[in-house]
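Chemist: Based on the provided sequences and hints, a complete structural model is requested.
Positions 1 to 420 (this note's numbering) are the ones given, in order, by the sequence shown.
Hint data in this document are derived by calculation from the structure and do not stem from the laboratory. As the structure is a prediction and not an experimental result, all values here were calculated from the model. Hints may contain errors.
Said to hold, decoys possible - Dumping the calculated DSS-like pairs for lysine-lysine here, alpha-carbon to alpha-carbon at most 25 Å:
id, residue 1, residue 2
1, Lys13, Lys270
2, Lys150, Lys233
3, Lys233, Lys13
4, Lys150, Lys13
5, Lys357, Lys233
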Amino acid sequence: MNTTSTKTRLVGKGYMVPFILITSLFFLWGFARSVLDILNKHFQEVLDISRTESSMVQFSVYVAYCLMAIPAGLVIARWGYRRGVVLGLTLFAIGAFAFVPGEMLAEGQLLPGSSINPFWIFLSALFVLGCGLAFLETAANPYSASLGAKESAASRLNLSQSFNGLGCTVGPMIGGYMLFGENPSLSLPYCLMGAMVVVVAFLFLRVQLPEIREDDALEEGQNTADGLFSVWKRRAFVLGILALLCYEISEIAINSLFVNYMTDVHSFDKFDAAQILSMGGLLIFMLARVFGSFAMSMVRAERYLLGCAIGTVLTSAGVMCDIGGMLGVPMLSIACLLAIYAFEAIMFPTIFAICLKGFSATDTKRASSFMMMTPIGGAIGTFLMAYCSDVLDMSTAFVVPLLGYAAVMLYALYVCHRGK
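Modeler: And the structure:
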């Protein structure tokens, strides 16, 4: 009787407080990453730099993910999730508060007459913040998936990830008001994030979190190079990593060029386009994750992923071919673009949870560190899509996310067939 109850419970008994705390981290990094899109345009205007130079904003954060993912996994494997989270929060806070001296330098209040370019201060701050985010995501994703029955891991992780969507929706709204309001301040949104992070770090230090371990968690050689790379012996894991990379290429590229598409193809004002991104695409994204979390308690995660992958391929093709323009209904192309957010919403947490199936507690930590290197795909996808838009046109550039989603569809077909 108890076994059945455990399997049907979304969050394991006694794990609700740890689940709430760990889910708060998803909101924080969603908020932090979504503000990056506003920073690009802000830096171009305030520091008088080109679009190419401002793209270093995303590059700094996603390179930090790539470089710090494996060290984060090693730290978490040796000292546990809790210490990994606290270290990540500390780096996050340092990076956020470093925006204060950067802004003072830009305004001439700090080291007046100095030849130091304040842009490099901001990029350094973003790199440190990105290192902190890498620790948080490497710890939080597998920890959330582990707080209950393995059968409900995908649903549980999607519920946590829905708060990431909430952070993504709120970030541009609050950040835009602080950056473009009557008294704009570049450091204010980051000081707000830093203060929130300090409070959350204090809670993690005060609340006792259960460490998810198994009997083999302390096996000899677990932190050697051979042990670290042992997860690559699994074909399903390798294919899952590639699927995550392709998803990141598609998702981040669309977010980065959403405003460009709306202004260039459909002649929207930049402010209106940004609002459609925040209250349209990203809100749909968040709600779709919540819906998917509960839907996967009734439908196998692999099948749900396949249906959503097919949906992203079809809707991306609709935007790429400008189906609205072909049929004389411009709103149809916009509807396809917004529908992409609904279909892609569950992809990252679902692929993540599927990849971790069958792993021990130790291998889960190792695998998570490699999976958190995949956001580097965002830098790749944004560059490729921007290049295609320059050489061809904005609609045709959607061939980049289309190919990424097609790769996810092939992965979903594989895991569905394997699960039969």
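Chemist: For each hint, tell me whether it holds in the structure or not.
Modeler: For each hint, the structure was consulted:
1. Lys13 to Lys270: Violated. Lys13 to Lys270 sits at ~48 Å, over the 25 Å cutoff.
2. Lys150 to Lys233: Given that 25 Å is the threshold and the Cα spacing comes to 22 Å, the pair holds.
3. Lys233 to Lys13: Cα-Cα ~34 Å, so violated.
4. Lys150 to Lys13: 14 Å, holds
5. Lys357 to Lys233: 14 Å, holds
Hint compliance for this structure: hints 1, 3 are not met, and every other hint is.
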